[in-house]
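K.L.:
Sequences listed follow chains A and B, in order.
Going by the numbering used here, the first sequence opens with residue 409, and the numbers climb by one from there.
Going by the numbering used here, the second sequence opens with residue 26, and the numbers climb by one from there.
You may find that some hints are simply not true.
Said to hold, decoys possible - Quick partial rundown of chain B residues pointing at chain A, CB under 10 angstroms, derived from the structure:
hint, residue
1, 36
2, 58
3, 130
Keep in mind that the hints were calculated from the coordinates and are not lab data.
Every residue gets a Cβ at the ideal spot worked out from N, C-alpha and C, and that includes glycine.
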Amino acid sequence: GESVGLHLPTLSVQEGDNSIINCAYSNSASDYFIWYKQESGKGPQFIIDIRSNMDKRQGQRVTVLLNKTVKHLSLQIAATQPGDSAVYFCAENMAGNTPLVFGKGTRLSVIA
Amino acid sequence: AAGVIQSPRHLIKEKRETATLKCYPIPRHDTVYWYQQGPGQDPQFLISFYEKMQSDKGSIPDRFSAQQFSDYHSELNMSSLELGDSALYFCASSLGLRQSGNTIYFGEGSWLTVV
């Protein structure tokens, strides 16, 4: 069935190091992927998205990589800061007005 | 920039009562989505609307209903509340059928506690 999941539920990194958060998806028809950051008690905050016709997209301190061959998505955060501590979700959907399907979140903890 | 506005932010209801949550999408956004997030869980899709018509339906209980009004705001009505309905309810909005660049943005959520 359709599912989006994350490999690790928690990730701890030292401040200043790079973080890599992974996500696996099973629906090969998905063509749009989004990473969201969710701080405690707040709504998911859009970080970056990528479409299936791309394999890499960069933002400010963040990079998303998409490997369609193995249905894998990753979020790289450069020079991780304490403010990056949050739960990160990947989400996917297909072209058209289909709802986002969220994967299980990864809690990122930044150690000062 | 204007974001998705949800109200109320916090709501406490007793079992078997009803509750109504409101969502005001980003200006000019015509699509609204409702999600439910239990403690420590990922957001679960409930229902969505495009141009005031239901566009998709997820795991929304029959006790819940929703609609989108002419000004594109949406309301989620929950009746016969159960303890298990306690959760954070998110509304999200986007512009039109998902096309290039039409990202889905979330509100800050409404906390519903059923006691």
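K.L.:
Decide, hint by hint, whether the structure agrees.
P.N.:
Outcome of the hint check:
With 10 angstroms as the threshold, the beta carbon of residue 36 of chain B stays out of range of chain A, its nearest partner Cβ sitting at about 14 angstroms, so the hint is violated. The criterion of a C-beta within 10 angstroms of any C-beta in chain A is met by residue 58 of chain B, whose closest approach is roughly 6 angstroms, and the hint holds. The criterion of a C-beta within 10 angstroms of any C-beta in chain A is met by residue 130 of chain B, whose closest approach is roughly 6 angstroms, and the hint holds.
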